[in-house]
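**Q** Now for the letters of each chain:
2 protein chains.
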Amino acid sequence: MSVTHPTGLPATSRAWHLVARPKGWPTPDDFALREIPIDEPGPGEILVRNTHMSVDPYMRGRMNDVKSYVPPFALDEPMDGGAVGVVVAVGPDTPEYRPGDHVTHRLGWREYALVAAKDTGAVNPDAAPLSAYLGVLGMTGLTAYAGLLRSAAFQEGDAVFVSGAAGAVGSQVGQIARLKGASRVIGSAGSDEKVRLLLDEYGFDAAFNYKNGPVAEQLREAAPDGIDVYFDNVGGDHLAAAIDSLHVHGRVAACGMIAQYNATEPSPAPHNLPLIVGKRLRIQGLLVSDHFDLRPQFLNEVGGWLRDGSLRHRETVVPGIENAVDAFLGMLRGENVGKMIVSLDD
Amino acid sequence: MSVTHPTGLPATSRAWHLVARPKGWPTPDDFALREIPIDEPGPGEILVRNTHMSVDPYMRGRMNDVKSYVPPFALDEPMDGGAVGVVVAVGPDTPEYRPGDHVTHRLGWREYALVAAKDTGAVNPDAAPLSAYLGVLGMTGLTAYAGLLRSAAFQEGDAVFVSGAAGAVGSQVGQIARLKGASRVIGSAGSDEKVRLLLDEYGFDAAFNYKNGPVAEQLREAAPDGIDVYFDNVGGDHLAAAIDSLHVHGRVAACGMIAQYNATEPSPAPHNLPLIVGKRLRIQGLLVSDHFDLRPQFLNEVGGWLRDGSLRHRETVVPGIENAVDAFLGMLRGENVGKMIVSLDD
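Protein sequences, first through last, are from chains G and X.
Position 154 of the first sequence, counting from 1, maps to 154 under this note's numbering, and the rest follow consecutively.
Position 2 of the second sequence, counting from 1, maps to 2 under this note's numbering, and the rest follow consecutively.
One should not assume that every hint holds.
Where chains are identical, the list cannot tell them apart; a pair therefore holds if satisfied intra-copy or between any two copies.
[Unchecked claim] Once the Cα atoms are required to be at most 25 Å apart in a straight line, the calculated BS3-like pairs of lysine-lysine come out as:
{"hint": "1", "residue 1": "K23", "residue 2": "K67"}
{"hint": "2", "residue 1": "K67", "residue 2": "K279"}
{"hint": "3", "residue 1": "K23", "residue 2": "K279"}
I should point out that these hints are in silico values taken from the structure, not numbers from a laboratory.
Keep in mind the model is a prediction, meaning the values are calculated, not measured.
Please model the entire structure based on the sequences and the hints provided.
**A** Structure below.
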């Protein structure tokens, strides 16, 4: 970080590279923090010093060389992902921004990012902490909002089950369901501490630790009258249990199947899929990019709940870009509470 | 059948009873053909001599003691299912019918059925053969029609893959897709003879014998540009292959998972369900009873295609009520071509 352009702008940035494609669980050896050159911003471009970056489950999928909805990470290239930061330089003919403005963009995993202004969104640091725009007011928040209301077609009075419920998306799904009039909100998580958080802080009606016993049994106890909606962050046993407990015409928003991401063996897919037929269940895959049209409504409604204190959120903030891979791996292992964020502030 | 009421009406009927709950594949020992008493029709009732009865995959599910969308068959009681027949006696205050009229109803698996007139549908034997009302113009036809157009939200130009494509539902799905402007119709079946039938008689663009190699590979060859819709009669490997080949925003109508009905071990459920998320696939369970509102439109449109010869159908008719269980077991093994029907005519 000692190199600068003659203008005083930084000429290099540290950036995390994928250097090997993980088989199963990733290890630190699959990644390397390397210096990359940073050009000065051209027309329509801004140079951003990232203050926070996001590590998310979907990034694991991008580490495989598989054609998918987002291209895989290239080997020996910087990775990318959600980030928020402060504008340090603005190119010619770029009236949208001035130095000192705050933006969200998609070039995380690095200290400095040269981005097209059109690929960024302005952020108001006075309305909410900057990190909120990577979580509760960002893509994770919109995922929860659109997934529950649109993909799962939530209706007032529905009983809602959420897996990974202490996570960034899950905790918000459960709270939105409660605030929108769910008859019962049930969550699962991977530790007794997280279960207590669901009950005491996020207002879930019931919650269980999936490591304490078979998911299907624990769900039946937590929701003896069954469920109408399942918001799936996990797949596997959880999806099977939900299929068992769903009512006729029940709906599943398939947001993630983290239980299966690192499986190298054929994974424990649900044995009871035939129930989809008789119960006329609907499983709808969910990706936030289909739902950007909901963003104004989402920011308005969820922003209001944040301000009046009716919606709570937590973050796990890991400081230092050099710890980003550890933060990512910890998130995959479920060590975070709420949204996992890496702060890059000095 | 020698016993009659003083009125000359039959006082008994042979009826198939479930006498043991099958584990895995049913065997003939799980069933018994027994005599049951037949009352004379009371007010609002009619006595029907069944001429044809239906054997269907969903009946296997009803042999398990599992709460489902239709109650399980009771042990040592007559089974039921779709049937068509001729009215032989009409109770008091039952102006809807006269002896000699033809009706469809739900009390198959027996020679004579005493049914409430309100639970029957009149049938015109001059417009189509009676057996057609159990198949191409009956519940199987409506299943194909509603499943493709509503559950799978078929659109003109879609590439459509159908499993069990030589079966009653599958062959009709493929033809409706073709007649509605599919860009490509692909079918799978369990014998080379059925594959030829799909290509030569039903107008599929491509077809393969799933026993000749991995389904995923054969589907990729048959649909190199992928598919938009999968009509699932099979589950298991077929569903996994479809998930691989489906485009973003692809849709699955889950009509049956016959591959998994008789599984006693955890069945070969798809290993690739996580693709549902990234591709934003939709899987919608399908049961015809949700779609009776489409029946007039269905009879009109499909009836027209039948009359002008653009839609073809086949039946496998097994004569004699004493052969009904063999017909049912043969249908589960895929020995039928088109709708499997048992004729009870003298």
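**Q** Hint by hint, say whether it matches the structure.
**A** Right, here's what the structure says about each hint:
1. With identical chains, the CA atoms of K23 and K67 are at most 25 Å apart within one copy only, with a shortest distance of 17 Å there and 42 Å across copies.
2. Proximity of K67 and K279 under a CA criterion of 25 Å is satisfied inter-copy only: 11 Å between copies versus 33 Å inside one chain copy.
3. With identical chains, the CA atoms of K23 and K279 are at most 25 Å apart between copies only, with a shortest distance of 22 Å across copies and 37 Å within one.
Of the hints listed earlier, there is not a single one the structure fails to meet.
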